[in-house]
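Starting from the structure of chain A, add chains B, C and D where the hints point.
Protein chains: 4
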Amino acid sequence: MIKKTRKQEIRDDEKDLGFGTRLTAASTRLLNRDGTFNVRRRGLSFWRTFDLYQHLIRMSWPRFIGVILLTYTVENLLFASIYVTIGVENLDGVVGQTPLAHFAEAFFFSSQTITTLGYGRISPVGFWASAVAALESMLGIMGFALITGLLYGRFSRPTTKLIYSEKSLIGPYQDGAAWMFRVANVRSNQLIELEVQVTFSRIEQLEGGRKVRRFYALNLERSKVNFLALSWTIVHPIDADSPLHGTSPEDLRDADGEFIILIKAFDDTYSQTVHTRSSYRYDEVTWGARFTPMFEEANNDQNVRLHLNRVSNCERAELPPSMTRIPGKANVATKL
Amino acid sequence: MIKKTRKQEIRDDEKDLGFGTRLTAASTRLLNRDGTFNVRRRGLSFWRTFDLYQHLIRMSWPRFIGVILLTYTVENLLFASIYVTIGVENLDGVVGQTPLAHFAEAFFFSSQTITTLGYGRISPVGFWASAVAALESMLGIMGFALITGLLYGRFSRPTTKLIYSEKSLIGPYQDGAAWMFRVANVRSNQLIELEVQVTFSRIEQLEGGRKVRRFYALNLERSKVNFLALSWTIVHPIDADSPLHGTSPEDLRDADGEFIILIKAFDDTYSQTVHTRSSYRYDEVTWGARFTPMFEEANNDQNVRLHLNRVSNCERAELPPSMTRIPGKANVATKL
Amino acid sequence: MIKKTRKQEIRDDEKDLGFGTRLTAASTRLLNRDGTFNVRRRGLSFWRTFDLYQHLIRMSWPRFIGVILLTYTVENLLFASIYVTIGVENLDGVVGQTPLAHFAEAFFFSSQTITTLGYGRISPVGFWASAVAALESMLGIMGFALITGLLYGRFSRPTTKLIYSEKSLIGPYQDGAAWMFRVANVRSNQLIELEVQVTFSRIEQLEGGRKVRRFYALNLERSKVNFLALSWTIVHPIDADSPLHGTSPEDLRDADGEFIILIKAFDDTYSQTVHTRSSYRYDEVTWGARFTPMFEEANNDQNVRLHLNRVSNCERAELPPSMTRIPGKANVATKL
Amino acid sequence: MIKKTRKQEIRDDEKDLGFGTRLTAASTRLLNRDGTFNVRRRGLSFWRTFDLYQHLIRMSWPRFIGVILLTYTVENLLFASIYVTIGVENLDGVVGQTPLAHFAEAFFFSSQTITTLGYGRISPVGFWASAVAALESMLGIMGFALITGLLYGRFSRPTTKLIYSEKSLIGPYQDGAAWMFRVANVRSNQLIELEVQVTFSRIEQLEGGRKVRRFYALNLERSKVNFLALSWTIVHPIDADSPLHGTSPEDLRDADGEFIILIKAFDDTYSQTVHTRSSYRYDEVTWGARFTPMFEEANNDQNVRLHLNRVSNCERAELPPSMTRIPGKANVATKL
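Protein chains in written order, with this note's numbering: chain A, 9 to 344; chain B, 9 to 344; chain C, 9 to 344; chain D, 9 to 344.
If you are wondering where the hints come from, they were derived from the structure by calculation, not from laboratory data.
All the given hints hold, so there is nothing to weed out.
One copy or two, it doesn't matter: identical chains are merged, so the pair holds either way.
With a straight-line cut-off of 30 Å between C-alpha atoms, the simulated BS3-like cross-links for lysine-lysine are:
id : residue 1 : residue 2
1  : Lys272    : Lys169
2  : Lys232    : Lys272
3  : Lys232    : Lys169
4  : Lys232    : Lys219
5  : Lys272    : Lys175
All of these numbers come straight from a predicted model, not from anything done at the bench.
Here chain A stands alone, though its shape is the one from the complex (with noise of 0.2 Å):
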């Protein structure tokens, strides 16, 4: 357990960042990977909370294409049975025999009427069946309405993808040691002016021998890039001021320590500001270790190549002895 920095107090109003000093179990992760947070939301009934247009935009194309041909069919079933009911005699065209060629007729008319399709071989005659098409037509066009916002929402969406390393590192910088991740964007979007911040969290003993979970903002070798050609290797420099000051691997993992990653970036794609998150836990540190370059200058063409595999790639770096480091027990740099 780490006792009270000289920060603390400082700290002691961050307390309501969001989650609190009371997240002590240390098997909790605050963030995940992907950026969603841990939390649950109880108390209200689903439908206040529930946001049908987000759930429809956000879930994968072939789901999305299901729900739609589902509502598709499932409407014209409905409306063949009140056609069958109002009686097939009012659909002037109809040439089958059977209960069931009546139902199929039925539910093709009402495909071609939903749709504003319309051929017209088979057509609404009386009030209650031309009463019902007009209504259904008039639906179909809400319906698919609907869909053409959907579509649009579901593409329009900025697709920013940065990739994160799989691991973060603390090596060895300038004098001293630092801990850095990487990153680099995914899609051939343009983002520009970059801003990341970096907060570390982490389980600290009270002299009463409380346990409050503590946040700090670390302090980056540079905190906004004018925009992300290549790749960004995000820098803390481990210096006396740094809570990572003089920890071991040991500590960072009896103190449940999480770095929790917030980046602004603006898409100039899609002219809209887009954020992501992510976070490293005590476990996806790598200690003793240095990223290697991604890119490389070709030979036969003007290019620079960037290749988003190498992402994670790193090698053995020795780090000072200011570091305590712990062989034995420490992750040991690996190329990835």
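Okay, now just chains B, C and D, sitting in the frame of chain A:
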């Protein structure tokens, strides 16, 4: 009535915040709980101030669907009248014998035209009927383009929904007291980079006896957080610089005190900046209480559970003697 | 003409604000009242500078609907000609006998095809008529996709509309004088976080006799407000640092003085940042006046009423002697 | 080669700007004139990096329409094959006698189905043909929803288009010299609150002989303007702090000097923030020149005329002796 404070001169230039110093009718609430202003616009024609699109975007779903179905029905009645006026003999395929049957067939023909369904059992013959049908189908196209836009507009509006605690509290804080309220995010939208501003407004009596309304920006313990994963308690410490310093519940009521809240956040789900507003009036302040936690760590899984229905939950907490409190008259803290 | 002020050297580097120091023809207004610039683009072909989408988005509603109906008519005339050229015998169901009747039937067949109405009383037979109909229906789909986008684009543009007072005033302010104007929000859109910048421009005579146009950023009593619930009077105190210090109405006129206004706000209804621009020229400044309130507190209900038609209302107010004022020539304050 | 400057140590931490210090092949241009980066992404599958929506949004209009018509044709060929496989006897109304005629009729029936045109002269009979037609019309609805979204996406992208002067200049400025370039707004979009950043990059030789690429943020005479009504000349004064101080044209060429430009603006017409990027390499710098005005005041009307084709126009201007200039080798200023 509260006398001039040492901040008055500075604050004098805030009188044009949008409410002015002259709003001194104590019964007037500046901002409603739902964030709308207590202002009615006059003096310009209805059409210059009316915004049809926003009206259609913001009305409830049942009403919106009602408006569409009503418009559809009225439009068909109108065009049916035109077709009957031109003469049903120009509609090939009409089989009805009575004027009413003719009108009904014209009505359904109209519905099949405006939805571009076009079964063709009934079809226009001759110039005028054909021309009216050509125009109607074009109107239908435009109308349904409109519905598409409206549906998309309705769906793509951020549905950020913060719940505010029903009352704000004045409770113990460090060595003194603080005014505080709590918010939580109802939806699963990710809210990022939240900023809150609280303006305190009250009526003050100038030395000459004239009453003016003054506005004070309240200092907050923390006015920005990176994300709102759980709940957030916004705290204004009542120190010597606070306009609430030395204020009793009676003072607050007599001065028509109101706390105006403006929260700004980035909705990461909709990629848009959103604002919410609310206000607490003097009678929405509970004296001598503090909030109880809304979340709990699960034992059987690794999620944190946030109980949204506990946003207003508080417990009685003794105020320090420095806060003038007259028990019999002040609100008492209750588990809500 | 005004001589070099002590700020000139600093301001020299502002000469490339976008207007330049060489615009010294006194009759040229830089910015029009409606916020457009007095600039015409030349030297590139029409198509490189023309933006069809914005043109269709910004034109008036009657004109927009006119453009659509005209396009629809012209398109049908064109395709009718094609069908007639291919031969009406390829359109099954045509009953007319004369060339004109044939053309009319082809015209309406075209309209039924492009709207995807397809009654089917007339339908294409043979390769060429069918192929043209297949192409036309596809064009129709694309055209109506376009209309949908345009309608949504027209509706979803923020309709922020600030009204500016007709004249700006120079009136008494604290112990001295100030230049001021007033704005109010016409629409019920919520405007948040308003920021205003005022640039004062005038022609000055250098020591060598050459005239240059200079730009001064005016200090404002308050350049930001949180929201615009009622009206907002923007005030520039004419103190010793002001470029207006010691200026008479005649000076202002001779120097071709112009106040250029840029207001930025967040439209909470449309979730977008909006800007409005305007300008007051020397002849739109009323000397010796102050604005009268636009709002009143209601007695019978709890709303405040904002009278938008009173935005320009002002009353005569004596200027302090420090402002050089030559009564006979200056504008006089009038109730507008 | 340029030796270490006194800024090197500070700039060392800029090495991860996104290009890195290792890009020292002199033939490699970092940023192309049109603002794209000289980077190719490798190492991930095509589909993880491909963005179909952006591809369809950004392709030229003729190509976009070609893609749509091709998709339409291929889809109809496909479904015609299905209908023929099921058997044309299931398509009521087919009159052709040959297999080719059958296929053609099935093709046009398919086109009438997918556009929801549905004349009905040919209509499906029996379960399978009806089911395929029901599916096809649904696919048509979704396809045209897609086209609507794509068209809107294409149109609603800001079309901001700045033109940059073909060359940047090094010319006289006050008592010394400055590097400068000029931009103007091609479109009539209103650009507001422009900000420019210029980064100068060159290869430097460390004391050990190793070459590294360094990046310098250039100080600008003015890096923000409120609006871009006419043209804007961006000026970097070459003072003692400038990395260009004492640089000759030969030095610039040998060090592979490149000026990287990032301009950010708010497009008031589209209500969006837009960015443009460009770069000038050592061979795009003209030594000893200054820009001539692009605009003129009209005599017969009150507009200012901006001649966009004059954006690169410059005239010869003597550089002060402090700039080392070797005439025979440097570019000479020419009227472009």
